[in-house]
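Novice: Spelled out from the first residue to the last, the chains are:
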Amino acid sequence: MAPEPTNELSMKTSALGTLRDDPTSRKRFLRMMGGGGAAGLALLLAACGDDDEDTAATTSTADTASTPSTSTAEPSGGGVDLEIVNYALTLEYLEADFYKKVIESGMVKDPKIGALAMSILKNEEEHVDALKATAEMLGGPAAEKPETNFEEVIAGGPKMILATAAVVENLGAAAYLGQAARIQSKDVLAAALSIHTVEARHAAALNKIAGNGFKGDEPLTGTIPDGPFAKPMSMEEVLEQVKPFLA
Amino acid sequence: MTHPQLTTPELAEIQVHGFTRSSFILRGALAAGTVYGMSAVSPFVGHALAQGGGGDVDILNFALTLEYLEATFYKEAVDKVSGLDGDTLKLTKQLRDDEVAHVDALTATIKKLGGEPVPAPKVDFGKAFASKAAYLKTANVFEDTGVSAYNGAAPMIENKDVLSAAGTIVQIEARHAALIRLARGKEPAPIAFDKTSTMDEVLTAVKPFIKS
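Here the protein sequences come in this chain order: A and Z.
Letter by letter, the first sequence follows residues 4 to 250 in the numbering used here.
Letter by letter, the second sequence follows residues 179 to 390 in the numbering used here.
Isolated chain Z, as found in the complex (with noise of 0.2 Å):
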């Protein structure tokens, strides 16, 4: 059968891009429809998906690419962000924390389902670490596609321990978000329904990180 062909948002898009309740019932039917049928599938998820042993497997090697991208940022960015002061510092540590554990996490679930964790992809931010606003603006594209990521694939999981697992991460990217958000004085809570992604339009909001 044929999918409406979704658009790809711009990077810009992913945070200002809003869902109303017209449009969230079918949401769930949109992103089943779309993710396994990528038309542009990026070296990285390729493969990821490759080394999958089953649609549970492939999600969560899916989350932890992004969760390794996102360890990485928040590592690099207490070292390289200057004028981050003791209120942001404080924030950045923690998210780096929690995104170790997710990435822990997700890699000894996917040991335990049998399958094979994808290796961390090689990063490149760019100019994100340039000032504390450009860190700070980058971050929040993160946080923001990290949820809607979980929140697009979450319909698709088939065990349920798994399922859960993942409510208890998407929930602290959420709040991640929230905070980031409320560090840049921008509403922590945009729009009523948080959007859901793609994998294709995940990737092309992560795609200037990856290196390979």
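Here chain A stands alone, though its shape is the one from the complex (with noise of 0.2 Å):
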């Protein structure tokens, strides 16, 4: 077996170390769980116990940059993070005010699709909180929701939000699989990496149900668009793409 795993686990249990031993930041971490994480989480506290503590000393700068109290000025691990959870909360932003002024809209009149972009939107709204909460974690601020404009997609009728839906999907599946690589800690990639593929499955789910082939005819269209392997996008072909929708 490879030693490696003791490092992982050195890592996590430094961070979750932090969190322990900082009344501040614990409070917060708890507020934000509901009950039944927060009792994972002593649980998981309990677990990793103090014979880490000689790990704790070498902690990697991502984590100990990563707790509220410690405020650097220099751009550290965490720092990166929270640009990249920061960017992700803009895109997330964006989708789920893209669906609430669809529904509200009621320019959907299938009920299925209806029922469809309510489940997204639902999804949308949790991806929000989370990355807001892990924004906070990271030291903040978090991203200010952004002014959007939808207006003549909406007013295009169901077949253009459709399609739109599935490109700002098939963009935030992009976007994601685009930062995976970059992000410092383990515990915001697992988290990025959760949401990722939810944003695929919107995308093949709209694409599909927008009548679009496995291609389609654009590079974001198409339930599985890139064949075999998803494309990743970086940050400034994202921004390009979604700057007509903001205002």
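Be a bit skeptical, because a hint or two may be false.
[To be verified] Examples of chain Z residues toward chain A, derived with CB under 8 Å:
id, residue
1, 276
2, 329
3, 346
4, 349
5, 352
6, 357
7, 365
8, 366
[What the hints assert, rightly or not] No more than 30 Å apart at the CA atoms, straight line, and that leaves these computed lysine-lysine pairs for DSBU-like:
id, chain 1, residue 1, chain 2, residue 2
9, A, 115, Z, 290
10, A, 103, Z, 271
11, Z, 268, A, 218
12, A, 115, Z, 271
13, A, 234, Z, 253
14, A, 234, Z, 338
15, A, 234, Z, 389
16, A, 162, Z, 290
17, A, 234, Z, 305
18, Z, 385, A, 218
19, A, 218, Z, 315
20, A, 162, Z, 364
21, A, 218, Z, 389
22, Z, 364, A, 125
23, Z, 364, A, 234
24, Z, 290, A, 234
25, Z, 289, A, 115
26, Z, 310, A, 115
27, A, 115, Z, 268
28, A, 218, Z, 338
29, A, 218, Z, 258
30, Z, 315, A, 125
31, Z, 258, A, 135
32, Z, 271, A, 218
[Stated by the list, open to error] Every beta carbon over 10 Å from chain A, so not counted as near; a handful from chain Z, in silico:
id, residue
33, 257
34, 263
35, 374
The set of hints was computed from the structure by calculation and includes no laboratory data.
Beta carbons: idealized from backbone N, C-alpha and C, even for Gly.
Join these two chains into a complex; the hints should help.
Specialist: See below:
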């Protein structure tokens, strides 16, 4: 067996150790979590015990910089993660606002599509909440909700709405994929990955319902637009694509 | 150190067991703590781990086993499931081709890292092809399990290139899962945060189909 897993665990443990020892961050973390989560955390903190104190000393700067109590001017691991989390948060705000406006507009008459839109909206709102909390845990501040402009798309009717929804979700999936390897904290990575695949599910489903084939006609359409291997997009590429929707 | 004991879900729970925001930040930690603390290791994974040339190779061999399983599953489905109509047949062939491509890519990556790719497991899909509904239900399990397996293992990957490569595959697994779920009339993304599974949880889900 490789010795590496030990390192993984010490990183994890030390991050949790910080949480355990810092009453303010712990309080905030616990408040953020539901009952089950809080119980789970308590269990985890107890399980990690005190036998890892020596490894805590070798904690990467990513972990120490990410605690709210430590504020450093220099960009660090926590800084990179905060940037990525805020980028994801902005995209999730955009998506959530889109579905909210679409549903409010009453333009979608098909009950099946309406139900899907509601279900996706719920997911996106949960992503917003979680990312906001994560940004704060990393020392904040969390990105502000952007002003959006979907009037033209919504006025375009159900077909345009569906096509835009599919593009936005494909963008979301490509955006998360583009950042995965840059994320420093394993916890933030795990969280981002669990959102990444949900965005991909949305994208595939919307494309299918929009009547797009596996490949689609444009790069961001199609249920499986890139073939067997998804293509990542950089922040610049994604922001270029979402610009029309930002007011 | 000890780890909180995760429950081993039944096959059916793989599809429905959701995670909420309350537990999502913890999951990475839980996965990291349990992946290498497996209590029950089946022979095929034991084989995979024994051949490993390091953490990444072990994870890739684990993924390769799953992809072999999926590829063989769809290959057989094309021939054995009666009543696959145009749309479902087209989807099945697409999934088969994607999984074969994943097998090839993982095999090549393992060799590149100096590891030895595991052989394809011997499989028996039992009654999974007895009807279109049974087939889609099993496909649903495979795809959702695939997503949770990659998501659970990915934070353990050390090489950033390998992590990116795994990401390009798991996104496709998620798309497959959504399409299969739609074909079943199910919600494509029933939970806001896809579940992560540890190796032994994944094993429990796929064990019924592995003969060796």
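Novice: Indicate, hint by hint, whether the structure satisfies it.
Specialist: A quick look at each hint next to the structure:
no.: 1; hint: 276; in the structure: holds (4 Å)
no.: 2; hint: 329; in the structure: holds (5 Å)
no.: 3; hint: 346; in the structure: holds (4 Å)
no.: 4; hint: 349; in the structure: holds (4 Å)
no.: 5; hint: 352; in the structure: holds (4 Å)
no.: 6; hint: 357; in the structure: holds (5 Å)
no.: 7; hint: 365; in the structure: holds (6 Å)
no.: 8; hint: 366; in the structure: holds (4 Å)
no.: 9; hint: A:115 <-> Z:290; in the structure: violated (47 Å)
no.: 10; hint: A:103 <-> Z:271; in the structure: violated (36 Å)
no.: 11; hint: Z:268 <-> A:218; in the structure: holds (13 Å)
no.: 12; hint: A:115 <-> Z:271; in the structure: holds (27 Å)
no.: 13; hint: A:234 <-> Z:253; in the structure: holds (25 Å)
no.: 14; hint: A:234 <-> Z:338; in the structure: holds (16 Å)
no.: 15; hint: A:234 <-> Z:389; in the structure: violated (35 Å)
no.: 16; hint: A:162 <-> Z:290; in the structure: violated (46 Å)
no.: 17; hint: A:234 <-> Z:305; in the structure: violated (36 Å)
no.: 18; hint: Z:385 <-> A:218; in the structure: violated (33 Å)
no.: 19; hint: A:218 <-> Z:315; in the structure: holds (25 Å)
no.: 20; hint: A:162 <-> Z:364; in the structure: holds (22 Å)
no.: 21; hint: A:218 <-> Z:389; in the structure: violated (36 Å)
no.: 22; hint: Z:364 <-> A:125; in the structure: holds (16 Å)
no.: 23; hint: Z:364 <-> A:234; in the structure: holds (27 Å)
no.: 24; hint: Z:290 <-> A:234; in the structure: holds (21 Å)
no.: 25; hint: Z:289 <-> A:115; in the structure: violated (47 Å)
no.: 26; hint: Z:310 <-> A:115; in the structure: holds (23 Å)
no.: 27; hint: A:115 <-> Z:268; in the structure: holds (23 Å)
no.: 28; hint: A:218 <-> Z:338; in the structure: holds (28 Å)
no.: 29; hint: A:218 <-> Z:258; in the structure: holds (27 Å)
no.: 30; hint: Z:315 <-> A:125; in the structure: holds (25 Å)
no.: 31; hint: Z:258 <-> A:135; in the structure: violated (48 Å)
no.: 32; hint: Z:271 <-> A:218; in the structure: holds (14 Å)
no.: 33; hint: 257; in the structure: holds (21 Å)
no.: 34; hint: 263; in the structure: holds (15 Å)
no.: 35; hint: 374; in the structure: violated (6 Å)
Hint compliance for this structure: hints 9, 10, 15, 16, 17, 18, 21, 25, 31, 35 are not met, and every other hint is.
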